[in-house]
Amino acid sequence: MPTTPSPNPAEPGTTGTEEKVPFHQRKAAKVDRLAELMGDRGDDGHGAGIWREAFQRMRRSPMAITGAVIVALFVLIALFSPLIAPYSPTSQAWGNEVFPNRNEFVGPRGENWMGLDHLGRDMFSRMVIGARQTLLVGVVATLVGFLFGAVLGGTAGACSVLGGRWGRQVDNVVMRIIDMMLAMPTLLLAVTVAALVGPSLTTVMIAVGIAQIPIFARLLRGAMISQGNREYVLAAQALGVRKRKIALTHILPNSMGPVIVQSTLTLATAIIDAAALSYLGLGNPDASFPEWGTMLSEAQRFLSSAPSLAVYPALGIIITALGFTLLGEALREALDPKLRK
Amino acid sequence: MSSSTPLLAVDELSVVFHRKGHGETRAVDGVSFSLEEGRVTGLVGESGCGKSVTSLALMGLLPERGVKVGGSAVMRLSDEGEDLVEADLLKVSQRRMRDLRGTQLAMIFQDPLSSLNPVVPIGVQVTEILKRHRGMRGAAARKEAADLLYRVGIPDPTRRLNEYPHQLSGGMRQRALIAMAVACKPRLMIADEPTTALDVTIQAQILELLKDLVTEEGTALLMITHDLGVVAGLCDDINVLYAGRAVETAERGPLFADPTHPYTVGLLGSIPRLDAPRGEPLTPVRGSVNDNIAWADGCAFAPRCDHYTMECLQGPPQLVRMADGESGSPGGAGHVHRCVNPISHADVVDRAVLESPAVAGDDEEERG
Amino acid sequence: MLRFIVRRLLQLIPTLGGLSILLFVWLQRLPGGPEYALLPDDATAEQRAALRRSLGLDEPLAVQYLTFLRRIVQGDLGTSLQTSRPVLDEFFLRFPATFELAVTAMLIAVTLGLPLGYLAARKRGTVLDFAAVGGSLLGICTPVFFLAFILKVVFAENLGLFPSAFRLSPGLSRTDITGFVVLDGLMTREWDVVTDALAHLVLPGLALASIPLAVITRMTRASVLEVMGEDYVRTANAKGLHRTTVRTRHVLRNALLPVVTAVGLLAGSLFAGAVLTESVFAFPGIGSFVYAATQTRDYPVLTGFILLIATMYVFINLLVDISYSLLDPRVRAQ
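Chains as they are written, first to last, in our numbering: chain A, 1 to 341; chain B, 342 to 709; chain C, 710 to 1043.
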């Protein structure tokens, strides 16, 4: 605690003069002095909202900062990729310099910072444009999982909390369906969807997204039920607030924490799963347009002769996924009431 | 019994927590008291005043990292013969402390459910301490465990040995914890709010049990509580803590008859009384324990005090021993307070507090 | 205990029943109906009509579903388009290989992950903790198939420490009793077969173990940290118990409960991960077979695999619940 230079209490001269000061002035002086001493303690964040408090904590966490920097860089590159990429990602301008069947590849050089791929395309441009595709896959897949999951889980949760006996029945049915979806490992569910619908980038996004639905649904439902048992919901009910309003304005906003954490983590999973689907040949059949997952599975063939072709997209995927994971985990820790003290 | 040295002499105990980005917090700031066999000493105060931290420091149970413990707590370990064996609980090695815990000093915690391992039968949790400190094994240990449970008032103890904590009632769980604490006849017991989590009727039973243990075994009991009803019914000596320092220390009689520190007066004033006139409002201490100033600047209680003056804000107030004539009731010799403007007992109406239910605010863990 | 198991088994019926409906609807939804799924793309119109009749597709949906269900219960998952043999037979043939791989991966994950997570929690904030947390995050974020390729290129092709493909070196003769190579080798005391098979399991096992290892490490760490802060651990310390007693009986005993659940759930996902790993190492298990099925759109194999995984998942869940109730008396009481 910081100390203020306090007047020496035993100073002989002061006592005499103080006694001559009128009473109300002495009172004012002591109030001021107290306020001054208490002001020194500094603000310990009274009344800060849970999100602001979490933000405060994340600012001090190296994990959160690393994650945020990675994510910010990735998003910036993805957004401005056409401006950053020096060449067209599909142009095989240097096609006559690369001969994969003779193990002749071109590494990094002044013209091409990351070298050329197996068809003589500029690797750096492909990586930069690929970032945009990868971000798109991640975001769309997460949105699909988030939206459908939130609707399913939110309905189940709201019905269970406020719907009485009928509501619990609805909740039961929805949860059985979600349990069944959960019974299939994420990747397998995605593989099946993709295999049934046919390979394309849209398929990958939807397949990965669908696989995330049950996770989102369970999380939101669980959070809503635990919120629904709180006193403030009971109070709102007792005051006669309409059920829909309670669910939408009281329970839902307070239940979003875990879902938002999961969204961040899902962005990472989606990017990794999308890469796996591309590897299984369920991604974009047109491999000329760059996407990290497709690039990685294409490059596997040349892993022993030109490992960098695979390492660049792989590192891109790993670092980006790591960024989202770090950010998500840091957010989870910052929001966890157990860890808050 | 060598009466010259107390069983435990705590001198200038201080505990400082270091937290990243928060600087340091002085949870306990120079607390001194002593414990005698067969006597109950109370540490009283609101949440956050440092009473639980004091008990954990004595038990050596504070986390090792980020905590600095100062001062001394010398405990007399043996009376055998002339040579006194003593140990400073704050300085002995971890290994030695583990030998002392359970045998010399034991502790009872606040929430009996969370203080018992949920997946281990009660019997094992009792016998493990017998095995550790008394070298008992197998059937003998189980028999002794059953005896212990019976002694603390648990009916049908042999059956209870095989049960798990969740199968016991709250009072039963606290009794089981007490059985574990007394298993090796420790000379010092620390009870940290042992009745807060219990029903009022059970509270009285548990307090009665503790009282019996003190009188029968001659154990010294350090009672940590915010409940002045408990203090009035159980404690012989009382230390009122505020913001990590003792603000008033006295025996029970003088303290309740002539509370001198405004904080003590405030605590007593906030107890509901059955004999109070109908409709008379309670007078709680305003503000919270967080509204304080640094002891170095003045009296930490000043912001909540109705009587503070400019003198209260000029440097740390010292402990003042009350002169014999000053204290109105017998036994007031050890009556000490830390206040520049003590309340003279003429100002205070007689406040004999009987077994009254808990009143002080919520009681959360105060460890930071 | 028996009643608990029976009740749990009864609870499985709606889940599995619902799953079969889901799959049935799914097959109906396939472009062109199930006959496309069951026939190659170039089948003629007559073939389709014949199949429709033979499958009873002209009957009401409810009847069709019951037929579908009866076939599944009888173990008829259809015929693989790749091999023209019953899907279930193909699975049985390849099951031992995948099972051996999955067990290897789980052993690696548990034997490394538990101590690592525990030590990381105990030494919180140290280099070891940082490495364990960072390593497991990296493990989660690395695509399994890429890791498999890296392991193969580095340790098999460049360093030559381990074989890069198959279950056994070609030319090695062995006696087939159960289909489990390691088990057979142990039973017949063909030690060369045992060591050769184990060497073949190392790299795919490591690749497949990466995600479970990461999850178990993190989970154990978080769980141990939480339990170390519990009141009953403080009580145990206050009783003056030995450090080891506190750590085993009071910390680990409680901290491992959630890890048991995680291990169960991960066991199910190992089979899905095997699709990626086995294909890289040409490991002749169900995974490779399903990988081939994704390439050739062999729908009966894919749907059969889903059903197999889902059933396994459900039974593993049951096992987890049973072991949980053995470990946690609070669950038993309910």
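Among the clues, some could well be false.
[Stated by the list, open to error] Just some of the chain A residues that point at chain C, by a computed CB distance under 7 Å:
#1 Pro285
#2 Ala287
#3 Phe302
#4 Leu303
#5 Ser304
#6 Ala314
#7 Leu315
#8 Ile318
[Said to hold, decoys possible] Here are the computed lysine to any residue pairs in the SDA-like style, where the Cα-Cα straight-line distance is at most 25 Å:
#9 B:Lys472 x C:Lys832
#10 A:Lys30 x B:Lys484
#11 B:Lys432 x B:Lys526
#12 B:Lys472 x C:Arg962
#13 C:Lys832 x A:Trp166
#14 A:Lys30 x B:Val433
#15 B:Lys526 x C:Arg952
#16 C:Lys832 x A:Ser61
#17 B:Lys432 x C:Thr954
#18 B:Lys484 x C:Ser882
#19 A:Lys30 x B:Lys472
[Unchecked claim] Pair ranges (Cβ atoms, derived):
#20 C:Gln720 x A:Val151: 48 to 56 Å
#21 A:Gln237 x B:Gly559: 53 to 61 Å
#22 B:Ser629 x A:Val69: 33 to 41 Å
#23 B:Thr499 x C:Gln720: 30 to 38 Å
If you're looking for bench data, these hints aren't it; they were derived computationally from the structure. If you're wondering where the values come from, they're calculated on a predicted model, not measured in any experiment. Idealized CB from N, CA, C, for every residue including glycine.
Would the hint on serine 304 of chain A stand, with a C-beta cut-off of 7 Å toward chain C? Since the shortest Cβ distance to chain C is 5 Å, the answer is holds.
Given hint lysine 832 of chain C paired with lysine 472 of chain B - CA-CA distance at most 25 Å: violated, 29 Å
Within 25 Å, alpha carbon to alpha carbon, are lysine 432 of chain B and threonine 954 of chain C? holds, 24 Å
Against chain C, is proline 285 of chain A within 7 Å by beta-carbon distance? violated, 12 Å
Less than 7 Å between beta-carbons is the criterion; does phenylalanine 302 of chain A satisfy it with respect to chain C? violated, 11 Å
Can the hint on isoleucine 318 of chain A be confirmed by a CB-to-CB distance to chain C that is less than 7 Å? holds, 5 Å
Regarding glutamine 237 of chain A and glycine 559 of chain B, is the given constraint of 53 to 61 Å on their beta-carbon distance met? Holds - the Cβ-Cβ distance for glutamine 237 of chain A and glycine 559 of chain B, about 57 Å, lies within 53 to 61 Å.
At a threshold of 7 Å, is the proposed contact between leucine 315 of chain A and chain C supported by beta-carbon distances? violated, 10 Å
Closest C-beta approach of leucine 303 of chain A to chain C relative to 7 Å, hint status: Holds, because the Cβ-Cβ distance from leucine 303 of chain A to chain C comes to roughly 5 Å (cut-off 7 Å).
When you check the alpha-carbon spacing of lysine 526 of chain B and arginine 952 of chain C, does it fall within 25 Å? Holds: lysine 526 of chain B and arginine 952 of chain C sit about 22 Å apart, inside 25 Å.
A range of 30 to 38 Å was offered for this pair. Does it hold for the Cβ distance of threonine 499 of chain B and glutamine 720 of chain C? holds, 37 Å
Restraint check for lysine 432 of chain B with lysine 526 of chain B, where alpha carbons must lie at most 25 Å apart: The given pair, whose Cα atoms are some 23 Å apart, holds under the 25 Å limit.
Of the hints listed earlier, those the structure fails to meet are numbers 1, 2, 3, 7, 9, 10, 13, 14, 18, 19, 20, in rising order.
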